[in-house]
Each structure stands twice: as structure tokens, then as C-alpha cells.
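J.: Single-letter residue listing:
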Amino acid sequence: MSEIQSDQLNEKILNRMKYEILKVEQENLKTRERANDAMIELIRRIIIDEVKKTY
Amino acid sequence: MLIKSLKMKNFRQFKGETRIPFSCDPEKNVTIILGNNTFGKTTLLQAFSWCFYQTVTFDKNPDFLLNLEIETEMNNDTSSEVEVEITLIHDNTEYVMTRTQVYTCKNGTVRGLSPSMKVSYKQPDGQTESVRAVQVANVINNILPEDLSSYFFFDTERVRSISTRHDVADAVKSLLGLSAMDNAIKHLGLKTTKSSVIGKFYGSMDLDGDAKAKEAIIRIQDAQAKREAIASQLDTCASEINHYEGRKEQLDTILRNNQTTTALQKKKETLERQIKAELTAQESLISTYLKEFNYGSLQFYAQPLLQRALDFLKEAKIDDKGIKDLTAITIMDVIKSGKCICGAEIVEGNKVYDHLMHLIAFVPPESIGNAVRNYREKLSSFGSSSDRIYDSLKSRFEDIFRSKSRVQEWNEELEDVSTQIKGKENMRQYELELVDVKARLREFQAKKERLIRDDEGCKQNIETYQKIYDSLVAVSGKNKTAMQYIMYAESIRDWLDEAYRDKEDLIREKLETKVNAIFERMYHGHRRVVIDRKYQVTLLSSLADKEVDTGESEGSNRVKNFAFIAGLVALAKEKIISDSGEEGLNLTSEPYPLVMDAPFSNADEIHTGNISRVLPEVAEQVIMFVMQKDWRYAEPLMNSRVGLRYALDKHSETYSGIKGV
Chain R
7 MSEIQSDQLN EKILNRMKYE ILKVEQENLK TRERANDAMI ELIRRIIIDE
57 VKKTY
Chain G
241 MLIKSLKMKN FRQFKGETRI PFSCDPEKNV TIILGNNTFG KTTLLQAFSW
291 CFYQTVTFDK NPDFLLNLEI ETEMNNDTSS EVEVEITLIH DNTEYVMTRT
341 QVYTCKNGTV RGLSPSMKVS YKQPDGQTES VRAVQVANVI NNILPEDLSS
391 YFFFDTERVR SISTRHDVAD AVKSLLGLSA MDNAIKHLGL KTTKSSVIGK
441 FYGSMDLDGD AKAKEAIIRI QDAQAKREAI ASQLDTCASE INHYEGRKEQ
491 LDTILRNNQT TTALQKKKET LERQIKAELT AQESLISTYL KEFNYGSLQF
541 YAQPLLQRAL DFLKEAKIDD KGIKDLTAIT IMDVIKSGKC ICGAEIVEGN
591 KVYDHLMHLI AFVPPESIGN AVRNYREKLS SFGSSSDRIY DSLKSRFEDI
641 FRSKSRVQEW NEELEDVSTQ IKGKENMRQY ELELVDVKAR LREFQAKKER
691 LIRDDEGCKQ NIETYQKIYD SLVAVSGKNK TAMQYIMYAE SIRDWLDEAY
741 RDKEDLIREK LETKVNAIFE RMYHGHRRVV IDRKYQVTLL SSLADKEVDT
791 GESEGSNRVK NFAFIAGLVA LAKEKIISDS GEEGLNLTSE PYPLVMDAPF
841 SNADEIHTGN ISRVLPEVAE QVIMFVMQKD WRYAEPLMNS RVGLRYALDK
891 HSETYSGIKG V
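The listed protein sequences correspond, in order, to chains R and G. If you're matching positions, the first sequence starts at 7 in our numbering and goes up one per residue. If you're matching positions, the second sequence starts at 241 in our numbering and goes up one per residue.
Any given hint could turn out to be false.
A few chain R residues facing chain G, derived, Cβ under 7 Å [unchecked claim]:
(1) L28
(2) R50
(3) R51
No lab work stands behind these hints: they were computed from the structure. Here a beta-carbon is modelled for each residue, glycine too, at the ideal position from N, C-alpha and C.
Use the sequences and the hints to build the structure in full.
T.: As C-alpha cells, then:
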């Protein structure tokens, strides 16, 4: 597990994640449609989905 | 945020339904509502505040919002409602916010129930969606933070209250788009926060997985080695079984083909056993016979001689007057004792003496007759015993003879059987071998079954541990993936932390710069605005080489607050966060309105002119409730920016209306 280094992170994917996460946070600020748990799950999903794209 | 319209129903002096659309034209972004004192300007501002936050600051009877004329008209058990509805655009979404309070009349008294609030918004597809009741306050606060409401719904005559405000830092950061970052940081969380994104990723890892995988693989290898050993044993077993089955088949064939020989072989063996037993019995008979012969042979062989002696003695004439076994010595001893056996006294010369002396002549040694008689009797006795011995010897001899006959007969039969099976295999040996082969086969079959069971057990163990291993390997892979997620999540959180701090400082610096720039345009003097970390605003004056707080007049305080809110609104329009990725994310380019009650109150002409120029420039939308007298100064400067113009129409102290002018 230690073989994964931060410099191995895909910058493009990372930026996309940042964008997606801030976007959903901003969206949710509008309506608060999603509770904290749902937001956590949504962000988790964004990260997982973006990482999967690297495979 | 841009306010499209305000609709009031029975709100204070605005009896009935009053709807006021506001100008959203960027070029003519000012809506002016003219009205003198007591016409309802402050009530309009309070309508915004009540609708947004359910707060009002009326001096008189602030908790009673129902139009007094309506109240008066109400009868028992009737109800009326006060309602304020604001339609606005925020972040490209249209919201309708409606706060309603029902008033009921009971026993001549009208009381208001708890107000209710409803916020709905239009989705991109045009469908209207309601905000969940529990999230209404959060949504409103996101649109316009309550902490900053007194800036946006600016009551000039109560401006002093602003300076004593509490920390508005969070509200400012929220307004400037840092809430999204702040929430993202909180949601991403830390390793130690189980319910956060990062905490969950860490929670999904199985750190014991590798050790368990090693243990599982060792067990798999052990079981595999056992299986190999079992397979080898099974091969041997199968080979043995094959061998013995083959041999069994051969033996079965041999025995099947030699059933007669087998029977004869059995007969031969039986005969041999019988002969052996008979010979043993014969030996015993002969031994007994010889013992008896040795014991009785004298009588047997002396028999003819004794017969001749008896015959001779029968012919001899012997007067036998003596008493059997009585001798002369015995009589002499009796005479010497002086008393006869019968008790009679023996005295020489008496009758008894004489009789005994006479008897001596007839007994040995004086007389032989008695001895001959005794000898004849003994010969007779000897002869009778000789007969018994003869009979016994004869019987035993006959037994021996019969035994020998049987042995001879069996030997002849044995010789005949032996002749018949001479040169043929020994079937008994095959039978014994077959028994042995069958036993070995059973033994190997049992061993084979046991080995198969053991092998099955090993196989199951391998499957079980393989599953464990696979799952652990999967876990290991999952861990690796989870670690990747964590690296990304932590990288994003670190970036957000840093960006948030940077933006936080940047925002304050930029806001201070912007507020000072606006303040300079509004204030005709030499003072500087300072914004501290709580976003509280102070005016400093330069004195010698120092900047000191020289206090604030009502006018300077008003300009300071105008500058602060105008700076905030101007900054909110800018793109604060744009480096979140190559696509960029404009988090904060949101326009905000300024709703102001009597903005020029107590302002001199210069201030009024400055405010009139600056506010329509920095704010996307300006809604002003202005007295006619103040508007005279502002109108020449603002007129070109006025999109809609209204005048309050006071019908009575309890009834105002509004009309376009």
C-alpha cells in the first residue's frame, strides 16, 4: 500500500474531483437537498468514480 | 441574488394584497419607492426581513403584523392571514419564499398563530420543488446570511445597531463563496472522523488482511501437500487393488476350473486327518493292551498247567478232617494259653485238651489234606481271574484289529485320491490365497475410501482457505484502491485547507481595499476603513504618523456601512475561486441587491450625491425607499439608473397602498 505515492496522483483527475466536489457543495448550498451523510457519500462516490476512470 | 418581486397580504398597513415588482435590468437596476414619514417605507423593509428571517423591529406592537382594519373587521371564529412572498433569483435559480401567519379571532381577541415558511425553487427542467422544512433556514441563510441581513436590508435610521454587531466573519465568508469550500473540508474530514469521506475510506481498509492472507496460503499449501501425499497413496492403493483384483480373478478362475480337484483335495485332507487321529487312538489301544497283557499273562499262560494240577488233585483221596487254615502251631498256642476260644478251660488231661491234641493229627503239618484242599481252592480262584484277562485282552485286540482295518481302508482310499490328484495344483493353497487376496482387497478398499475422505477434507480446506485468501487478496487490492482514494481525498482536503486560508486572507484584504475605494468615493474626508478578522469595520484617521480611531458621527458611520456593504456586494460579484481545476469553478460571482430605507436621511448633499453615484455601480440591484425631499438631491444622479418607480399611497394611518409613478 505504501507503494502509492502522492506524486502518482493524476493531476487531471485530481482537478476534476476538486471541481466536482465544490460544484456539488455549491449546489447543495442552494437547496440543502442532501443532508451531511448524503453529501459525504456523494463526495466519496465522486472520488471513487474518478479513480476508476484511471483503470 | 436579485429580487424579482415582493408580495404582501395584510402586512401591517398594507391592507389586502400588494405586489411590487423590482427592476432587474442591469442598466436600470434601481427601483425607487417614494414615501414620506409614516407612509410605510420601514414596513416595506420589515416585510423583507420578516419574510427572510421572521424578524421585525417595529417600535410599536412588533408582534402583531395583521392589518388593523382587517383585525377590526374580524368576527369570532374567523381567521385572516398575513403573508409576504418574495420571488428572487439566486445562482441562476428562481426561488419563491412565502411566510404566512394566520390570525384567529376568539372571544373578540385576535391572535396570531405561529408563522409558517415555504421555500420552493424551479429546477432546470422547470419543475417546482419545495425545500424540506428542516432545511428552509439553511437555504435562506445560504442565499443571504442572516448575520449580514441588516447590511442588505439597510435601515439607515437604525444604522447604529450595525456597529455593535457580533462576528460576521462566517457570514461574509459564506457570502463570498467559502461555504462550499468549508463544507467540502468538513465532509472530507479526517482519518479520525469515521463518518467523514476520508474516515470512511480508512474504515474500509482491512489492515490485518495481509497477515491473514499469508496464514491462508500456508494452510492451502499444507492441504495441497497432504492432497499430493494422499494422491500418491491412492495411486499405490489403486495399483494394489488392481493387482489383487487381478489375482482374485485368476484364483476364482483356477478354483472354478478345478472344483473336482478341490473336492478331492478336501477329501484327501480329511482322510489324512482321520488316519492321523486313528493312529493316535490305535497307539493308545495297543499300549493299554500291552499293559493288561503284562499284568495277566501268567494266569493266562499258566491256565493249562493249573488245569492239569486240578485234574490230578481231584483224583487224589485225602481225608480231610482238619479245619481250614488251622495249623498244629495254632492249636498248641491255644493249649498253652489254658483257655479255649470257646472259653472252656484247657488242662492237660481234660476233655478239651485231649480233643485239641487229637485235632493236631488232622492239621498241618501232621495232615496234607487240608493243604491240598486249600491249594485246590486257590487254583480255582486263579483260574477264574485268568478268564477275565483273556476276555479283556481279546476285546482290546479286536479293537486294535478294527482300528488297523480302518487305517488300512483309509490309507487305501488316500492312496486312490492321491493318485487321482497327483500332478495337479494344490487347490487349498489357492483357496487360502483367495481368502488372503479378498482380505487384502477389503483392506485396500477401506484404505482407498479413507484416503478419498481425507482428500475431500483437504479439498474442502483448500476451497475454504482459497476463498479466504481470495477475499483477503481482494481486501488487499481493495486496500490498495482505498489507499488511492485516500491519497486523492487527502490531497483535495489539503488543497482546500490551503485555498480556504488563502482565500480567507485574500477576501479580507480585497474587501478592505474595495471598501476603502468605495468609502473614498462616498466620503469627503481623509479617513481609512479597517476590517478586522471578525469583519468588523472601524474608521481610522491619520494623526501625525499614526492612524487613530477618532470615533464616528452618524453620517460617517452610515457612509462606512454603505461602503462596507457596497464593497461586499462588489466583491461577491467577482470570481473568488477559479483555480479548482482546469474547467474552473466560479463559486462566487453572485450579484446581490441592496434594499435601503431612507439611505439619504441625515446625509448632506455631497454624501447623497456620492452615494447616489456609487451604489448603482457596485450593486447589481438597488431598491430604495426614499422620502420625496431626499430624492430631490439624488434624482439627478440616479435617474438614468431607475428602472421602476413607485409611490406609497397613504389612505389612513392603518391603510397604505402603492402605485407606479
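J.: Confirm or reject each hint.
T.: Results of checking the hints against the structure:
1. L28: holds (5 Å)
2. R50: Since chain G brings a Cβ to about 5 Å from R50 of chain R, closer than 7 Å, the hint holds.
3. R51: Nearest chain G Cβ about 10 Å off; hint violated.
Violated hint: 3 only; the structure is consistent with all others.
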